[in-house]
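Protein chains in written order, with my numbering: chain A, 1 to 151; chain B, 1 to 146.
Treat the hints with care, as some may be off.
Unchecked claim - In silico DSS-like pairs for lysine-lysine, Cα to Cα no more than 30 Å straight-line:
{"no.": "1", "chain 1": "A", "residue 1": "Lys114", "chain 2": "B", "residue 2": "Lys59"}
{"no.": "2", "chain 1": "A", "residue 1": "Lys103", "chain 2": "B", "residue 2": "Lys59"}
{"no.": "3", "chain 1": "B", "residue 1": "Lys28", "chain 2": "A", "residue 2": "Lys11"}
{"no.": "4", "chain 1": "A", "residue 1": "Lys11", "chain 2": "B", "residue 2": "Lys102"}
{"no.": "5", "chain 1": "B", "residue 1": "Lys109", "chain 2": "B", "residue 2": "Lys59"}
{"no.": "6", "chain 1": "A", "residue 1": "Lys11", "chain 2": "B", "residue 2": "Lys109"}
{"no.": "7", "chain 1": "A", "residue 1": "Lys11", "chain 2": "B", "residue 2": "Lys59"}
To be verified - From chain B, some residues computed to sit far from chain A (all C-beta separations above 10 Å):
{"no.": "8", "residue": "Pro4"}
{"no.": "9", "residue": "Glu92"}
{"no.": "10", "residue": "Val104"}
{"no.": "11", "residue": "Arg119"}
{"no.": "12", "residue": "Arg127"}
Said to hold, decoys possible - Okay, the calculated bits of chain A under chain B, using three or more residues with CB under 8 Å as the criterion:
{"no.": "13", "region": "16 to 28"}
{"no.": "14", "region": "128 to 134"}
No lab work stands behind these hints, which were simulated from the structure alone.
A virtual CB, placed ideally from N, CA and C, is assigned to each residue, including glycine.
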Amino acid sequence: MNDLEYRLMRKQQIAAWSDRWQSDAARFADSHRDLLPRRITNAQLYGLGNVVRNARRYADIEKFVKRQAEKAGRAGRLDVQGYWSDLEAALGKLRGEAQVLLKNIPLPVEADSKQALDALHRELAGLYVQHLIAHSLYWTPDEGEHKRRER
Amino acid sequence: MSKPAFQDMALRVALDRDVARTSDGYDKRAQEYASRLTGTRLDKTQVRGLESLACTTDKVSDITDWLKLRVGRDSGRDRWAKDGVGRDLLSEFDGLRNDAQKIVAALSKTYSLDTDQERQVHLRLCREFLKHLAAHFEYLQAEHRR
């Protein structure tokens, strides 16, 4: 398989995965809807989106989510801590998904498989978070903006 | 031409034909949505924005995420969230999957299809629906201004 074929195949597999997993991310948002938007604010969700978009390694995302859980725990906000811990688990299990996808997309010979796995895991986490944020905001309109408009 | 190449081309022609035929059936519904959208504060760049996204993405979920975000951010409820138009549009996109299933099921009797085919047809149908919607919206907006 040449590089172009690999890229095309990878792109298509990831697109199919993303469409398949949208409902899972929506279920995650729905199961924590009682925390939105006051306990888990839209600003926090946007912050998560920024971190995921700019992360260079999956570990950066994991570190951010863990830190959010620790902060909530220290503040005694156990429900919020639970949200971040659940998210850490949900994003962590995507490594298995990345492994399955990599089996279906044979890497070019010169590629580093460990790096490829981490890059794919990060990409899948980004798509999951994109679905999560969209679905969370869909059900919980932006209160800040509403207040600004009222003024 | 080899047999697999001929089969591949025949499948493409059959897919194009079925998608076009199904798309023609969307015109009236898309016009109704366009009419509802002209009653909002949306302008053509926002509707064209959704159409452009649909034409460039390879994921149906990108289209629905985009719309969900716009509905969620519309706290004034005078754009995508007005009278539930954005939510209805999301249900409409979801419903197009049934049409994709029917197209793929019919073609699978004659051709050997990719497992991802249904999703790809669904994406094409979303694009078709939005093409009608954007065209009707611009036309209706121009009519309103006159």
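*Three residues minimum, CB to CB under 8 Å: does the region 16 to 28 of chain A make the cut for coverage by chain B? Let me know.*
holds (count 4)
*asked:* Minimum C-beta separation from Val104(B) to chain A exceeding 10 Å: can you confirm that?
replied: Since the minimum Cβ distance to chain A is about 14 Å, Val104(B) lies beyond 10 Å and the statement holds.
*asked:* For a C-alpha distance cap of 30 Å, please report whether Lys11(A) and Lys59(B) respect it.
replied: Holds, at roughly 10 Å.
*Cβ separation check - Arg127(B) to all of chain A, threshold 10 Å*: holds, 14 Å
*Does the structure keep Lys109(B) and Lys59(B) at a Cα separation of 30 Å or less?*
holds, 26 Å
*Once the closest CB in chain A is found, is it more than 10 Å from Glu92(B)?*
holds, 15 Å
*Hey, is Pro4(B) genuinely clear of chain A, shortest beta carbon separation above 10 Å?*
Consistent with the label, Pro4(B) stays out of reach of chain A, its closest Cβ about 17 Å off (over 10 Å).
_Restraint status (C-alpha distance of Lys28(B) to Lys11(A) at most 30 Å)_ = violated, 34 Å
_For a C-alpha distance cap of 30 Å, please report whether Lys114(A) and Lys59(B) respect it._
holds, 27 Å
*Cβ contact check, 8 Å cutoff: the region 128 to 134 of chain A against chain B, three residues minimum*: holds (count 4)
*If you draw a straight line from the CA of Lys11(A) to the CA of Lys102(B), is it 30 Å or shorter?*
Holds, because 26 Å separates the two Cα atoms, which is no more than 30 Å.
*asked:* What's the verdict on Lys103(A) and Lys59(B), does the C-alpha distance respect the 30 Å limit or exceed it?
replied: holds, 22 Å
Consistency with the previously given hints fails for numbers 3 and 11, ordered from lowest to highest.
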